Each structure stands twice: as structure tokens, then as C-alpha cells.
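As you go down the protein sequences, you meet chains H and F in turn.
Residues 1 to 323 in our numbering are what the first sequence lists, from first letter to last.
Residues 324 to 577 in our numbering are what the second sequence lists, from first letter to last.
Honestly, the hints are just simulated from the structure, not real lab data.
The structure presented is a predicted model; accordingly, all values stated were derived computationally and were not measured.
Built from N, CA and C at the ideal position, the CB exists for glycine as well.
A portion of the hints provided could be inaccurate.
As the list claims (entries may be wrong) - What follows is a list of derived Cβ distance ranges for each label pair:
#, chain 1, residue 1, chain 2, residue 2, range
1, H, GLU187, F, GLY346, 21 to 29 Å
2, F, GLY468, H, THR157, 49 to 57 Å
3, F, GLU403, H, HIS284, 38 to 46 Å
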Amino acid sequence: MAEADQQSEPASAPAAPVEIKAVPVRRPGRWVAGFLIIVVAAALAKSVATNPRFGWSTVGEYLFAPTVMDGLVKTIELTFLSMLIGIAIGVLLAVMRLSPNPIVVAASGFYIWLFRGTPVLVQLLFWAFIAALYPVITLGVPFGPGLLSFDANTWITPFVAVLLGLGLNEGAYMSEIVRAGLLSVDEGQEEAAKALGMRRMMTMRRVILPQAMRVIIPPTGNETIGMLKTTSLVSVLAYTELLYAVQLIYATNYKQIPLLIVASIWYLVLTTILSIGQYFIERHYGRGTARAVPPTLLMRIWQSFSTWRHTKVDVPEQTRHGL
Amino acid sequence: MSEPMVKAEAVHKRFGRNEVLKGITLEVAAGEVMCLLGPSGSGKSTFLRCINHLEKINSGRIWVDGNLVGYRQKGDRLHEISERDVAEERAQIGMVFQRFNLFGHMTAEQNIIEAPIRVAGLKPDVARAEAKLLMDRVGLGDRLGAYPAQLSGGQQQRVAIARALAMKPKLMLFDEPTSALDPELVGEVLDVMRALAADGMTMVVVTHETGFAKEVGDTVVFMDDGVVVESGDPAAVFNSPQHARTQAFLSKVL
Chain H
1 MAEADQQSEP ASAPAAPVEI KAVPVRRPGR WVAGFLIIVV AAALAKSVAT
51 NPRFGWSTVG EYLFAPTVMD GLVKTIELTF LSMLIGIAIG VLLAVMRLSP
101 NPIVVAASGF YIWLFRGTPV LVQLLFWAFI AALYPVITLG VPFGPGLLSF
151 DANTWITPFV AVLLGLGLNE GAYMSEIVRA GLLSVDEGQE EAAKALGMRR
201 MMTMRRVILP QAMRVIIPPT GNETIGMLKT TSLVSVLAYT ELLYAVQLIY
251 ATNYKQIPLL IVASIWYLVL TTILSIGQYF IERHYGRGTA RAVPPTLLMR
301 IWQSFSTWRH TKVDVPEQTR HGL
Chain F
324 MSEPMVKAEA VHKRFGRNEV LKGITLEVAA GEVMCLLGPS GSGKSTFLRC
374 INHLEKINSG RIWVDGNLVG YRQKGDRLHE ISERDVAEER AQIGMVFQRF
424 NLFGHMTAEQ NIIEAPIRVA GLKPDVARAE AKLLMDRVGL GDRLGAYPAQ
474 LSGGQQQRVA IARALAMKPK LMLFDEPTSA LDPELVGEVL DVMRALAADG
524 MTMVVVTHET GFAKEVGDTV VFMDDGVVVE SGDPAAVFNS PQHARTQAFL
574 SKVL
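All chains should be modelled from the sequences, with the hints used to inform the complete structure.
Rendered as C-alpha cells:
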């Protein structure tokens, strides 16, 4: 017997390796925890569904109301445009921060200090009242003749004030994200570009920034989702985005809870869409790296369920009897 | 003898208070292959990086093909040259790094055509045709579409050499091109460099590959502690080193 084994091991053609089908370790804790969570969730769901004060019929009635739709569009518009401003300012500030010129570095640092150091709400109010500070805004040579003047009251509309408030504030946060991204790119990349005769700005645009994107995108996704919700602050300036739209409605019909639910549903729908979009953008900028983009939460839940099912199915009949 | 491709005169370089180069004087003729040897920290790589102005020298002069590197002499004063002019000088000098430094977000082909298109102003289809030829030359004609992460170290370094050659440099600098490679991959990179030397390319090679230096090098320069200790014909330096420090170093690496 022993002899035969010794002979067959190196000499004979390799047999297909026998797949291990071990009995998995039992984890009763997981089942208990899973069960408890499902019970609590079911209780919550029942209460939400049956408590008449949630006013689900009112929710349905107003979910697609024209005022709400209008507010929704404005919220999307604000989120998109102020993120655009924020990203542009953020990239500019981050590049300035890494400049060899100390005054440029200081200017960038001052901006970040100012806009990150005061609450957005305060900044929004400032922009709303800008006409009190500068009734006429003049562009021209500093200390010299003005070239272009405009009246603050007519040009800084609520929309412009809100965009300035959200965008300029976001720029300060985005600059830190972009800077971290730029610093994450290996110095050798810049050196290789230099050695090929590329200049600083071209190196930044063609070599550093595209690779920094992999680090910049995930927190920018978070910022966008944060911005979507921060736009609701604008309701205090009586700008009719989503929240102010539902406030206008419940100011007349006093159905606060159902209308706040309407707003919440739309915020959730938008954040969900943004999260999905983020996944695909990350995948795009992850090209060229060996590591795959990690699966989303939903994919992970799905996978763990399918492995649960598989382990159950894979357990051979015999073993189960044996247990 | 015509003008040397590289001429260095009493080059000094400090990092803070640490003096790394303490007066390097040497010449590299056109078509010559010079190998720089020496223990780590001896300043070989720093000197190489001074040649294309990746490092600014503190005193002395370096000329490449008769042009002062990084400065312009006006009367008895030196003027720094603009970023544009530095870039122009660098575009004519190829450099290969220890860590390859291929652009990670670009395929091999994109790595090679980037500078020819953006810096030299080549038409994309011309640049692509040349990239194909260069990749054939380094034996990777079928990997144009591969990203650096999908290539082995040796393949990446060969793409890096092709990328440098795409700018049609008159001088190639190699900064320990095989030090980051698995031993079995060193040969393929050295083969490409050997072929390049045979084509008459002027090369300055910082290396620990004494075999390569002996076989391909026209000159070997042994550096230690920021100075050139000994230089000359490889056979002479390897077989009968004159200085105790050279002897000690060679007895360890050979």
C-alpha cells in the first residue's frame, strides 16, 4: 500500500485534484443577529405602513406635483452647477498650492482658510445681501479706471447668490481633495514627463491629473451627494428648490410630514442615481491599474447571499445525515 | 576629435548641507558608451540627473552638444534659461529610470507617442507608425495596447527605452535601468541597450552590471563620495584598478 503510493505520486499522470468539500463552520450568531434585525425591521415597516399620520395618500398625491417637480429640477441644477464651480476652483487652488511661487501658495491658503472657516449658511446669507455691501460692482484695473460696472441688485439674483455661495464654498473643500490626489501620483511620473521635454502645465494636464482622478473621484462623489443635500439650506433664502417647494405647499395645507417625506423620497432617488454614476466613473479612471474597482454594497450583499446558498447546496447528503 | 557630446567641468551639487558632487570633470564623445560605477551614495545618479537639468548644479558647468545646460552665458554672467528652453534641451536627451516611470494611465503606444505629438509636434499617424517600429525594435511589437501594469518589469523598461527613443535623442541617459528587475529579466533590457550602443547611440549608463560595462562600455568611470576616483578603458579599470577604493569595490561586486 505504502509502496504503491510512493510510486504513483511522481510517476503516474497527475489525477485531477480532489476538490475539498468541507462542512462549513457553523455560525449560529449570524443567524440570531439576522433574525433579530429582520424582526425589528418588520415591526418598523408595519408601523410606517399603518400609522395614518404618515399620510401616504398625500405623499402619492404630491410626489409628482408641478411645484415639487419644479423644485426638483432646480435642486439638480444647483447641485450640478455649484459642483462644477467647486471643482474648477478646487483644481485651480490645488495647482496654486503646489506652485513654486510663495505668494500664489499663500493666496490659495487664504481662500481655503476663509471659506472653510465660516459656515456655508453664513456665506449664503452674505451673498444674498451683497448689494448692501457693494451696491455697484465694478470690474477694471485695480486702483485704476473701471471697465465694467453693474448693479448688484439686478445682477446678483437669488440664483446667482446661491450659486456663488455654494460653489465658492465647495471650491475650498474640493481643493484639498484634488491636492491629495495630485500628491498621490508618484514623483517619477513628473520626472519622466520632464525628461521627455514636457512643460509643467502640460505635465499636470496630461500625466498627473488623469492619474490623480482615481484618488479624487470617490471623495468627489461624496461631495456631490453632500452638495445635493446642502442645497436644501438655500430654502432660507426663499429660493424654490426642492425643500422650499414642499415648504410652500405645507404652508397652505399644513401636511408637513407627508410633504417632507415627498422631499426625502426625491433626495434618496437622486443620491441613489449619483452613487451608481460614481461607480462607473471610478471604473473609467481605474483603467491601467491591476486592481479592480471594488464591488458596490449591493453587489456585496448579493454575493454573500449567493455564497450562503451555495454552501447549503454544496453540503453532501451523507455529511448532513452524519451531523 | 570633434566637440564632445557631454562635457562636465568641476560640477558641484549640494542637497542642503550635504555635498553630493565634489567636482566632477569628464567628457563623453559622440557615439561613446560611458558606464558610471560606484557604491550607492557616490553621486552617480545625481550626476546623471544634472546632465538633463533634473537637478540644478551649484557650481561648475555642463555642456551637452556644445550647449550649456540650464543657463546662458552673457558676458561673464550666467542667466537661467526659461522653462520652455529647459524643456527644449531635455527633449533632445532621452532618459531611462530605475523604476521605469511609464505613464500608468496610458497604453504602451500612448506612452510612446505622447511626447512626439505634444512636444515635437508630430502628426498622430506618423507618431503611431514610429511607435510600432520602436516596439518591434525592443521586441514588443505585439504589446502596443498593453497598460504598464499588464507588462513585466523587463517589458516595461523596454517600453520606457522605446518612449525615450521616440524623441530621437542625441544622447541617452540610463539611471540604473536594471536594478529594479528580477535577475531573469535583466538580460532582455541589456540586449536592447547593447543593440542601441551598436547603432552608435551616445549613452551614459549608471549601472551595477559590471559584465555589461566591460562588454559594451567604451569608458568606465568609477565614482565614490562625489568624486571620480578612476576612469578609462573597461579592461584596464576592471583588470588592474589603480586605486585602493576601486579595488575594494570591484572585489565585492565581481
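These are the hints, each one checked on the structure:
1. H:GLU187 / F:GLY346: 21 to 29 Å: Cβ of GLU187 of chain H to Cβ of GLY346 of chain F: about 28 Å, so the range 21 to 29 Å holds.
2. F:GLY468 / H:THR157: 49 to 57 Å: holds (51 Å)
3. F:GLU403 / H:HIS284: 38 to 46 Å: At roughly 41 Å between Cβ atoms, HIS284 of chain H and GLU403 of chain F fall inside 38 to 46 Å, so the hint holds.
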